[in-house]
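J.: Chains as they are written, first to last, in the working numbering: chain A, 48 to 225; chain B, 163 to 1361.
There may be inaccurate statements among the hints.
What the hints assert, rightly or not - Capping the alpha-carbon separation at 20 Å, the derived lysine to any residue pairs in SDA-like fashion look like this:
{"#": "1", "chain 1": "B", "residue 1": "K311", "chain 2": "A", "residue 2": "E222"}
{"#": "2", "chain 1": "A", "residue 1": "K90", "chain 2": "B", "residue 2": "E286"}
{"#": "3", "chain 1": "B", "residue 1": "K264", "chain 2": "A", "residue 2": "G68"}
{"#": "4", "chain 1": "A", "residue 1": "K81", "chain 2": "B", "residue 2": "K214"}
{"#": "5", "chain 1": "B", "residue 1": "K711", "chain 2": "A", "residue 2": "E212"}
{"#": "6", "chain 1": "B", "residue 1": "K256", "chain 2": "A", "residue 2": "T129"}
{"#": "7", "chain 1": "B", "residue 1": "K1269", "chain 2": "A", "residue 2": "D146"}
{"#": "8", "chain 1": "A", "residue 1": "K131", "chain 2": "B", "residue 2": "L229"}
{"#": "9", "chain 1": "B", "residue 1": "K252", "chain 2": "A", "residue 2": "T164"}
{"#": "10", "chain 1": "A", "residue 1": "K90", "chain 2": "B", "residue 2": "T285"}
{"#": "11", "chain 1": "B", "residue 1": "K252", "chain 2": "A", "residue 2": "E105"}
{"#": "12", "chain 1": "B", "residue 1": "K283", "chain 2": "A", "residue 2": "E171"}
{"#": "13", "chain 1": "B", "residue 1": "K309", "chain 2": "A", "residue 2": "K90"}
{"#": "14", "chain 1": "A", "residue 1": "K176", "chain 2": "B", "residue 2": "K1269"}
{"#": "15", "chain 1": "A", "residue 1": "K144", "chain 2": "B", "residue 2": "K1208"}
{"#": "16", "chain 1": "B", "residue 1": "K301", "chain 2": "A", "residue 2": "G68"}
{"#": "17", "chain 1": "A", "residue 1": "K130", "chain 2": "B", "residue 2": "L225"}
{"#": "18", "chain 1": "B", "residue 1": "K260", "chain 2": "A", "residue 2": "E105"}
{"#": "19", "chain 1": "B", "residue 1": "K309", "chain 2": "A", "residue 2": "D64"}
{"#": "20", "chain 1": "B", "residue 1": "K214", "chain 2": "A", "residue 2": "S133"}
{"#": "21", "chain 1": "B", "residue 1": "K260", "chain 2": "A", "residue 2": "S133"}
{"#": "22", "chain 1": "A", "residue 1": "K130", "chain 2": "B", "residue 2": "T263"}
{"#": "23", "chain 1": "A", "residue 1": "K149", "chain 2": "B", "residue 2": "T263"}
{"#": "24", "chain 1": "B", "residue 1": "K716", "chain 2": "A", "residue 2": "D61"}
{"#": "25", "chain 1": "B", "residue 1": "K270", "chain 2": "A", "residue 2": "M97"}
{"#": "26", "chain 1": "B", "residue 1": "K336", "chain 2": "A", "residue 2": "D64"}
What the hints assert, rightly or not - Which stretches of chain A does chain B cover? Using the computed rule of at least three CB atoms under 8 Å from a CB of chain B, they are:
{"#": "27", "stretch": "72-85"}
{"#": "28", "stretch": "132-139"}
{"#": "29", "stretch": "145-156"}
{"#": "30", "stretch": "166-177"}
Derived from the structure by calculation, the hints contain no laboratory data.
Just so it is clear, CB atoms sit at the ideal spot from N, CA and C, and this is done for glycine as well.
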Amino acid sequence: MSLNKKNETQSIDDLSDLLAGEIGPLNKIFLNEKASIEMLHSKEENEQIMIETAAIGESFSGKRIDVNSSIAVDSDLIINVTKKISSLDAKLSRVTKPDSIKARLTENQELFFSEITDMMHQLEAWTEKMDSMDEIILEESDKDLLVRHHASILESVRLDEEIRELTKDLNILKEELR
Amino acid sequence: MTSSDDLYGDIQRNLRSGDPNELFTYLNRLRVFDARTWHDNCTNPQPLVEIKDSVLSSVNIILNLNLEIQDVIEGRTSPESFYQSHQHLKAQMKNLGKVFTKAAIWMKTTQQDRWLHQLLKATEDSDEERKELISLLAKSSELNRRKAKKLDSIKEEIRALRAKSRALIEQRWKDRHSPERTLNAKQKEATEITEGRLVITAGPGSGKTHVLVERIANLINSGAKPSRILMLTFTVKATTEMSLRVEKKIGTDVADSPMIMNFNSFCKHMVESDFEGFGFEKMPMHIDPRMRRYLFEDLLEQGIDEELVELIEQNHDVIDITLKLDDLLHNRSTEVDDVLSWFEEEILTPSEDSEKESIDEGEEPSKDLVLKRLTHAGLRLITPLREFIRTNNGLTFGDQITLFHTRLKNEPAYLQNICSEYDHVLVDEFQDNNQAQGEIVKLMSEHLTSTCVVGDPNQAIFGFRGANVRNLQDFMLDFAESGDLTRVDLDICYRHSQKIVEYSEELKALNHDDIESPEIKSGWINSDSTEIAVQTMIDEASEAVEHGKALKRKNLLGYEWDEMAVLARSLNYVSKVIGYFDNNDIPYVTTSSSNLFREEITIEAGMILRACIDPVGNAQAIGFLLKSGFMGVTKEDAEILTRKNRYHSQGLFDSLTKIDGKFANPKTISAFYEFINSNKKLPSIAMEDWLFSTMKESGIISKMIVLGPNSSLSKLVSLLLAQLSTAGDFFRYPNRFANYIKQLMEGKIELEIEQISKPGHVVVSTIHKAKGLEWPIVVMPSLDHRKPPPTLKPEKAERLIVHDYFNENVEEEQEKEMIRIFYVGLTRVQDLIRLSRPLTRSDKSMPNALFSVGSEIFGVGNIETIYPSIMQNPLSVNEGLLLNLRTRLEDSIGELRHGFETEDLAKSVRTLLIYHLEQLVVNEHSIDNELRKLVRNFEPLVGRVEYHEFTGNTEVTEKQALWKPKRYTWSMLDAYRRCPQKFAFTHVHKLVSSNNISLTVGNLVHEIVEKIGSLGKKPTRKEYDEIVDKSLRKHVNKLPLLGEVKIKEIKEKVANWNASERSRNKVIVIEQGLEFEFYNRKFYGKIDRVETDSEGNLRMIDFKTGKANKKPGNMGQEQLLLYAHAWEQNTGESPDIIAYDFVMENKLAEADVKPIILEKGLARLIPIIEGIDANEFEAVPDKHTCNYCDYSGICPDRY
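Turn these sequences into a full structure, and let the hints steer you where they fit.
T.: This is how it looks when you write it as structure tokens:
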């Protein structure tokens, strides 16, 4: 490989590493190594919140996803509460007498007196965690940069796709003419 | 699709003033642009703060509701209030779950933006750091440049290899035949016989056209004058092709060249060139089948035999029967009077006689007799119709041939005169001519030097148009004895290899025909062989994808698109393939008129013209334009207008003038109305002038100019203008022209295209249109045996005559013709044929003959790849809609109630289907057959799916559009009063509602008390126990739903009732069904019990199991008043008392039946009946009712 090509490949690898959040290219950008580590840390934190958010959402539809959570939102609790709430419908559908309603509810008082409240407080705490995520407010020139960059990524995706398709075609032709 | 550069520019322009949200919108657009995963996941961007707010607000609401429930538990509020709090809490929980899911999706979609944003923010203060970041990011364009270069080199390599591959294909073609293209012995013989009658049978690919051209050249070389040679072809297309080839062979001499015409044109020319001799006063006008129908309608308006008019009014089939029989008798060149008198004597009179007695006694005539009467009317109408057309100086297709034939037959001098013009006649595709045409050739052959008829009985596929498959045979039989007949069989096929020849011979053998045909052999001289693939595939979508992929591959390997064809019996069978072609940019050409409407602009143009020409009769078009935002009407306003008039299609136009405050933008609606109203077709304006001015006003013309002459809009406009110029007079009623456009849009008119093929395009065609053509690659999908469509009355009438008068078996002939159609399809191929059948089509039918024979000879390949077309690869518009349907269904699966899953699921599927079908009817112009079949497929699982549809050929009339019950019942009236929309769901759409507990309690109690009542005495303890046990056992499956407590309660209450005095009254009827009339409508009702008490009062009882809070006869409680009316109508006696017996509460609510109460109560039902009759189905949303309504999930107006 010529030196020129090698450099080119290197810088392109740097680009992918940068987007993937690798430390290498960050160290090139930031003169201070600590800044690079902080950047990465904050990126990971954002991703963690995202994963937890998805896991909470899934719990509401009864699916459990194991997440190594830094904030204690208890998936099992959510699953349990939502299950109990919907099963109450069936339990109470046959009950019409006021006393019986009360009796059934008393049987389930744990749900109303502790579980729902716990769950809500956990979720409330979770929203505070979101404060660490920033609103994205950009300068005019930064907007241009971002948009241009995205257009470029998409162009690259499109080219990859086309190359992949045409290589398949090429191989078919080669195969047939062999 | 725009390029990324365009999009980038667009984003740049729009972002200048933008806030961050707009940036996200555009970033999302960019992702949608290419990245599928994003496309699937993206929802609208939702800023962090909004997510937080949503979570916190839901959390607060839930905590408050929770407190309310805690209050119930601790006795601070009444227990009943729990239900509402609970439902509310449940909804909030669900909402909260959705907020989290949405938040996660949003975070995912903005993940990379956030990272870049973080980087940008972190490098804000250091120029050096920022520079480094930008330089790294800029590397991406460098990367892209390199990729683009690589792409170019791959493309170049492919081009070179494809050229090499193509050269191999062409070499293969060349090697199949000897380089000297000389005629074979039989071909030579066929060209050299220049006198007498010659029959040439010519199998597929046997060089027939070549032989005909050579024969003409040979006749000329042997001294015949070119202009005295007459060549008759079957189609205009064949005439053009033959003329070109003859011209090429013998050169052009306009003054003296052979006369080449299609048979119909020849006859028409003969009539026109001597119209007076044919009894016309002036040059007759050509009448096509559509115009003939219009003239028929005019005839009916002008008045004919009153008895016939009455019959037509009773049964519109008479019109189609007449036209069908007119064609039949024309094709056979048979005298109408002969058939009519035979029919009266032999068919109708004996049937009338045999049923006379029973009819006199008041019985309805049998179906058979009704058909015979209709057929008789049709036969009687033919002559007046033909005369009317003649008085209007019209000449139909049928007349062209029959008039010419009759004159040749009856006037020897005329025959002589016509034949004196020619020495030699050649007739191509003789098997496709009708009997009358066959007779013409026979008559002329007596006076000509040579008559040559060419055909292939195995390729006779126009029986449905009256062709006489036996023409060739008859010709041979008629002249064989005289010795003046030579037969030459062209039996060498140069089109394909022996493999296809054997296959087609096997297929042919299925017909066991008495029509003798030669055995064909392949003329390929090398060992090359036509490739045959016989495959089963999962479904029609799989067929489309597999064949589509194979064609793409063949194109890559050097075959051009125009060297491929997809053939089917009907274009309906290949809609999935067309869908695949559309989605994968495979160029194709097809003759379906619906192809003109693949672009939005032509659909809009069609709808504008339909809406303007006759706004009242074209509410569908108005609805479409409103919803498409024409003249700026908002979606919401369009929704209100169209929904309100959903069952009132004709009222839609009028409603545009009645705009009140509930519309968001009334000005646009007024502008819409003004546009339609000012372009309405007025009787004083000529059709063409109207068309021009409407197209100008609506901007169709300017769009047409912009799009250019090859656009489908231009094609549509020129087609409409051509129609008006040839048939202007016949579109004198606006609805006829509107209907013509509608039929075009629905693909019901097959366009006449001279050249079916188009350079660079795959042909998608019916087998009929493909006759005479050939392609290197042919695909024939959907080869399963399909049930023939039900025979309609016109066909039945035709069969009656064909079977009894002409002594032929129509069904058998049709089956044979089907084999011949497959034969024609199969023999179009040269290099490769792909045959397939779907395994999971709606009726899971058997393979058809073509597939069976192929699979026996070559075996079947099973391709089991499933292409989840509905989910990922929408092949057509309708499947796109199904994707939507599926998503909704998945949502509703989450709502299934425990224990009722199957029921709920079935209901959801059905409801969604109905919802979508109706949306399609309102928004689109049709529902395609594939979707219709798909729906029918669901029915065994989910029950009958009924929807309102505008039927194909007829304009929508109020009668057709409005729903009407067969008979009314009290429960209908009651349901309508509660909520007309719910009524529509239950009774109009027939959606099943779920079982609920109170219903079962009601059933059980009713059953027991009625059984006790029907004993007519106080039951013994044993009898009582038996009745109760038997009833409980009957409902054993549902008992667990009630629970032991409830069952015990029921037993107890019924025992109380049994012990009561009132159960001892003397029973007159129990559970009595009554038919009666009220307000001139038929009603039906079931009375629980009628009895007399100890004072002799006649009492009518209805058992109730709910709360004892109602009184019979009150507002909303008219049921027993209605039944009292019914009782009186049936027995002449009015009940004295009506009563509700509240069994569960051991209470009775009674009312005296006074005339005033009866009158007043019944009068309250009239507005309800009127509402049902007018199909006013507006919802009455109410929190409580909607909460417990089974249809709230789909109701557009739920609370």
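J.: Which numbered hints turn out to be false for this structure?
T.: 1, 3, 4, 12, 13, 14, 20, 23, 24, 26
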